[in-house]
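Going down the list, the sequences are from chains A and B.
Under our numbering, the letters of the first sequence match residues 1 to 411, in that order.
Under our numbering, the letters of the second sequence match residues 1 to 360, in that order.
Just so you know, these hints were derived from the structure itself, not from any lab.
Hints may be right or wrong, so weigh each one.
[As the list claims (entries may be wrong)] Straight-line C-alpha distance at most 16 Å; calculated EDC-like pairs for lysine to aspartate or glutamate: (1) B/LYS139 <-> A/GLU274; (2) A/LYS253 <-> A/GLU274; (3) A/LYS138 <-> B/GLU241; (4) A/LYS119 <-> B/GLU321; (5) A/LYS138 <-> B/ASP280; (6) B/LYS312 <-> A/ASP348.
[As the list claims (entries may be wrong)] Across the chosen pairs, the derived CB separations fall in these ranges: (7) B/ARG121 <-> A/GLU375: 54 to 64 Å; (8) A/ARG411 <-> B/THR304: 36 to 46 Å; (9) B/PHE148 <-> A/LEU262: 29 to 39 Å; (10) B/ASP280 <-> A/GLU274: 50 to 60 Å; (11) B/MET1 <-> A/TYR157: 52 to 62 Å; (12) B/THR119 <-> A/VAL409: 50 to 60 Å.
Backbone N, C-alpha and C fix where the C-beta goes; we use that ideal spot for every residue, glycine too.
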Amino acid sequence: MAEQDWGSEQYVLEHFGGFYSTGAQHVEAPTEIKQREFGFLSFGGRTMFRHIGFEDTEELRRYLRNYSPAHSYFSAAYYQEPRAPMAEKGWIGADLVFDIDADHFDLPCQKTHDRWTCKTCGEAGKGHPPERCPGCGKATFAEENWLCESCLDAAKYEAQKLLDMLIQDFGFQPSELSVNFSGNRGYHVHVRSPLAKDLDQLARREVVDYILGIGIEAEYQGLTSRQVGGGSMLGRGGWRGRTIRALYDFVGKSTPEEIKALKLGRNTTRDLIEEKDEILSSLMNQHPSRIVRYIDKKSMEKLLDAAVDEQASAIDTVVTTDLRRLIRLPNTLHGKTGWLTQNVPIEDLPDYDPLTMAVAFNEGTEKVYIKRAPEINLQGEVYGPFEEETRELPLAVAMFLLCRKSARVVR
Amino acid sequence: MISEREAAKYPFLNDAVTLVETLGLTLEDLMDPGHTKVLDRAERRVAQAIINGEATSELGDTITELLSFPVGNMFITAMGEQFLFRRYALSEAVRAQGLLKDETEERLAKIARLEFGWTLRLVDESLDGRLYRFELLFKDYLRNAAGFREPEWKIVNRLMREGYVLLTRREASRLLQEEIQRRIADLVSRRRQISLPGPLGAKVESLKKFFDENRSRLTGEDLPSELMTEAFPPCIRHAFEGLMAGKRLSHMERFGLTSFLINVGMDIDEIVNLFVSVTDFDEQFTRYQIEHIAGLRGSRTKYTPPTCSTFKTHSVCYNPERLCQHIKHPLSYYRIKVRDIQREQGPESGDEAPNTQAAK
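Turn these sequences into a full structure, and let the hints steer you where they fit.
Rendered as structure tokens:
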């Protein structure tokens, strides 16, 4: 059978249509719908239908019912004329948006469910593709990326760190924040606040650097070589407290072997092991500059890097700095999973499980032939791994495999 | 009401502008010999902007000082040089900042709130041996500090809590300088270019001549016409080599590389061929995008590559070298490196005569 039949597009389209015939009623319009641009990708189509505007929620729902798009987006930006070409839209402002995508992380589980194949020589491996193919030195790869509970938990953890920073450091009200499961491997966080709306690109880049901890320097975290007075910074808000707490945790929990493995300066390594109690007590009771004499400059940079990595939230840098970004519309379907993009109340986030809650096609079964797929845990049941086999599966699982183009319907 | 002295110190403040308006001076009045001092001082303001980028305050004669500001603005507008709008605004803002940093906290706060809409609180907090006197809402902070290059201005290195950033008095006045610069740049660039009569026009002509004599020193040198790949900064080299190996570049890498190649003078056809030969990109689509970046399509803006700090944010910055610590733009790296290489090769092999440009 021809390659293009993988995914049984027509079948998926019909099911999306079935979903939207009732499901469109649950799609809520974003705030200030008349100032938003909408964009849609259809099944099989390669270009985005952009520059679409709606007068009200009903018009938006009607569009979804009529076209059942594979992917639905709206602009983080507000425009005077959302339907006009980009240069004439009249940018008014934009929500501050963050995208967390587990695809960008380095996780152990990716070694079990992701694969790459070199397009030049056919060499293949597990996990993320290497910088260059070890076989032929080229760098063009075909990637098969999947997801599991671990990736989604990792993404959720990053989202929670992000929310902490937005609320505690930036002072946004929880009511100004909304969190959406992306429908695939991550979360989107939207900030709708008058304080965020007219931030320009430069300002948003600074926000990104803050969330990622880019550009942190020891000297400005109180770790100055000239000793100054003042109390401990452990309980302090912002990065100041975060770096010092991370340093404290790190020094406290590391064994001498772990410290040696970091390959810090010789004196630093010795002091971190022999003067550990003294260092911890200094961090607990005194200004952080007290510990600088134990740690040389290079070592401090390494320690800070490790500390920052743990405390930062791994957001995508491009999405937040793009003033005209389109973002997935909540309660619409994601064409690569058949799951919902779903709003999650902040207080429910800790217990939220997308693999149960965001599944859209709950009823029925379908018989599919599966090319290859790793194990997938959906609604509490484990399916697969599959390899070149025909199976009758619950519709949710079948749709997921079809949307990922790893299966086709067998009739 | 603002005092004449205060208005002379900060002539861009709304109260100062009102004060000048109440005097009701016309262009004819200004051409009267009685106002020669005002015209001379205005000319000096512009000349100081051109030479030093920093005007000095002359508060001995406050009314002349005050009136010379709008006249200086008028000269700048009439000169119609984009480059000077910014430089003059900077020069005046630096002058004002020199005075602001010695004002009381209350006075600073008043100007910041009333004139520039800052959400600002007075505090008294000593930390790291520094005395913090203000807390500024992050949005107002970023509007002014986001473009600064020094690490101590990055919010990640600031003390911030619940949206407020701590500032010393000196830092607050430095941020006000940015607001002032923006206001003045707006003031001189928004007005329509006019031709001034009589002695006013004569001043403009002589200032134009003066600027022309200094132009090349101020606006920087041009790049060599020959492409020198060995002078590429490490980030661009990395992206370039990645592309050659068939690596899928990120959006920012593609944009950075393309705009860099365009700006150092690579031919559009060559760039298109480069992308098409090593990727499976469609030629027509690739050409369209590259021509867009080159300013031949769409908004007709020729894009310059992103700055180093943008590259850092998007992890395009790669293995920074020592030279990278001293520059903030990939093109500056290229410019300096090209000069170094040409110097090494000796003057006869370079296509530029030595000493055409003094390093700034």
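Results of checking the hints against the structure:
1. B/LYS139 <-> A/GLU274: 45 Å, violated
2. A/LYS253 <-> A/GLU274: 14 Å, holds
3. A/LYS138 <-> B/GLU241: 11 Å, holds
4. A/LYS119 <-> B/GLU321: Violated: A/LYS119 and B/GLU321 sit about 33 Å apart, past 16 Å.
5. A/LYS138 <-> B/ASP280: 14 Å, holds
6. B/LYS312 <-> A/ASP348: 35 Å, violated
7. B/ARG121 <-> A/GLU375: 54 to 64 Å: Given a distance of about 55 Å, which is inside 54 to 64 Å, the answer is holds.
8. A/ARG411 <-> B/THR304: 36 to 46 Å: Violated: the Cβ-Cβ distance is about 57 Å, outside 36 to 46 Å.
9. B/PHE148 <-> A/LEU262: 29 to 39 Å: 33 Å, holds
10. B/ASP280 <-> A/GLU274: 50 to 60 Å: 58 Å, holds
11. B/MET1 <-> A/TYR157: 52 to 62 Å: 59 Å, holds
12. B/THR119 <-> A/VAL409: 50 to 60 Å: 59 Å, holds
Taken one by one, the earlier hints fail for this structure at numbers 1, 4, 6 and 8, listed in ascending order.
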